Structures are given as C-alpha cells and as structure tokens.
Amino acid sequence: MTIGELTGLIDGKIICCEEKRSELVEHAFASDLMSDVLTVEKENLVLITGLANLQVIRTAEMAEIGCIVFGRDKKVGADIIDLAKQNNMVLVESPHSVFHISGELYKAGLKSIY
Amino acid sequence: MQFSHKIAGGDFSRAGHAASSVKRVLRELNIDPIVSKHVVIGLYEAEVNVVAHAWSGTVDVDIDGTRVKITITDKGPGIEDIERAMEEGYSTASAEVREMGFGAGLGLSNMKKNSDSFVIESIPGEGTKVELVNYLGRHKVPSSIKNTLKAGRTATSYGSNKTGI
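Chains as they are written, first to last, in the working numbering: chain V, 2 to 115; chain B, 28 to 192.
Possibly wrong hints are sitting among the right ones.
Stated by the list, open to error - Just a few of them, taken from the derived set where beta-carbon distance is under 10 Å, the chain B residues facing chain V:
#, residue
1, Gly43
2, Ala46
3, Pro60
4, Leu133
5, Ser136
6, Asn137
Said to hold, decoys possible - Just the calculated beta-carbon pair ranges, DEER-fashion:
#, chain 1, residue 1, chain 2, residue 2, range
7, V, Gly104, B, Arg51, 35 to 45 Å
8, V, Ala109, B, Phe30, 38 to 48 Å
9, V, Gly9, B, Ala35, 41 to 51 Å
10, B, Ile61, V, Lys14, 27 to 37 Å
Worth flagging that the hints you see were computed from the coordinates, not collected in a lab. Please read these numbers as outputs of a predicted model, since none were measured by experiment. The C-beta atom is built at its ideal place from N, Cα and C for all residues, glycine as well.
Please build the complete structure, drawing on both the sequences and the hints.
Encoded structure:
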C-alpha cells in the first residue's frame, strides 16, 4: 500500500515529507525498543512506535527506514521533524494506540517481519 | 582514509552524529550499501553506549581498500564482566537511557552481529575500547571465539556472526 493509503487507514496526518505519500510500504514493525529496530533487515518498511524522540529518527536513519508512524497522539517536536527532513523520512502522527494501528495495517495487508 | 569524532557522555541530543557522519562518508566513497549499513548500525550502538554510560569518547575511523575499521574508545566506568555484558537482555542502563529506547541489553550483541570482527577491552574505573571491522569484499573471518581474561583488564574478541542485511 502507499503511505497515503496507510495514513488514511489510521486517521493519521503526515507531518514530514508529504511529497512521498505515493511511495509503497510492504512491511511493518512495531517497537519502542530501538535496538530491536536495528535488527530489522527488510526494505520498504514502516516503523510504528509510541516513542517520540530524536533517537527514533537516528535509529531509522541507520536502519534505512523511510516511514515512521507515531501512535497514541504523540506530538513530534520541531527538532525531530528537522532531522527527519534531512533524511527524507515520512513522519505520520495517529491518534490511535500502537496496538490499534498495528491491527488496522495488518488487516489491510502490511506484512509482519518476524 | 582516517578521521575521528568526539562523543560527549550524557548528551542524547547528539547521539548518532558520528554514525550519521560516517554513513555520509561511506556513501561518498561508494562503499557497498550492505556493508555500510552494518558499519553504521554497529557504530551507532557503540555511540549510544558511550553517551549512556561514559563521560567522553572518541570514534576513530580507518578505511582502506579492504575494510572499514572503527575504534570507539571511552573514558568511563568500564565493564566489570564483559561475558555477562555480552548476554542479550543484560543491561546496567539508567531509566533515562531506557526512555530513549535503549538499555535492553542488545547493544553489544548488535555490534557483534553487524561486524566481521568484534573486539572489546575494558578496564573497570577507566574505560572501554571497542574495535569493529567490516570487510569490503567476501573476506571470511574465523568464527572461533577467543577470550582473554587478565586480572584487572578484560579483552574479548569474537569472530563473525554477521546477519545478512
């Protein structure tokens, strides 16, 4: 599915790099544990997390993850958005819980990686 | 090519700067993206460890035609028991570090998994040195594990266990 379709399914809002909304994602991984995220080996992956800090962006940069969904209505700060822009990452905010987001996206066909 | 970066202990706002900078250099040098990803993930974990546990640190990068060697040296409390620290799930991280999404006891094992050669030395009360080597070609490193334990000083080297990113 596209990032735009994904965003619609979770009542989300794209807050960074909206021009990439037509890019495809195939897999999803939900975690607040960044060392676990660094073990991910798939491409076209979306990270779903309840953690909103700079290290989430740094982790995604190293793991080459291009799209991050922040659950539970977590508001992402300007410093986080700036760093995501530098790395061409799409950031999506959603009011739903990580569990809810994961369920919706799994139901819609995003694949689990483990 | 050789260059260095400083790491400030406790400064989470800058954790990842060194790894990000090295990633850019590797891209400019047209290093294989798979090798590059392994290098920066290992370095990033090491950098976070310095920020989380030590007072200051240095990253020394040495790239030649065959390999990327990264040495992370810190001044800090050191590691009393490296064998235990290598166990997945074992961590001495603070609540602040855990709030950042780290401190689950996976850092050292992620460094090992992402390098062809991983060597760690630590002197309790002084600091820790980690050397990560990633080969640019299809070089093989023996998978045997060597442990050297000396009084007051611990050095442990591990062979390749790299995952296939």
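Evaluated hints:
1. Gly43: holds (3 Å)
2. Ala46: holds (6 Å)
3. Pro60: At 8 Å from the nearest chain V Cβ, Pro60 of chain B passes the 10 Å test, so the hint holds.
4. Leu133: Nearest chain V Cβ about 4 Å off; hint holds.
5. Ser136: Given a least distance of 9 Å, the restraint on Ser136 of chain B holds.
6. Asn137: For Asn137 of chain B, the interface hint holds, since the closest Cβ of chain V sits about 6 Å away, which is under 10 Å.
7. V:Gly104 to B:Arg51: 35 to 45 Å: Holds, at about 38 Å.
8. V:Ala109 to B:Phe30: 38 to 48 Å: This hint holds: roughly 46 Å between Cβ atoms.
9. V:Gly9 to B:Ala35: 41 to 51 Å: holds (42 Å)
10. B:Ile61 to V:Lys14: 27 to 37 Å: Once the Cβ atoms are compared, 34 Å apart, the range 27 to 37 Å for Lys14 of chain V and Ile61 of chain B holds.
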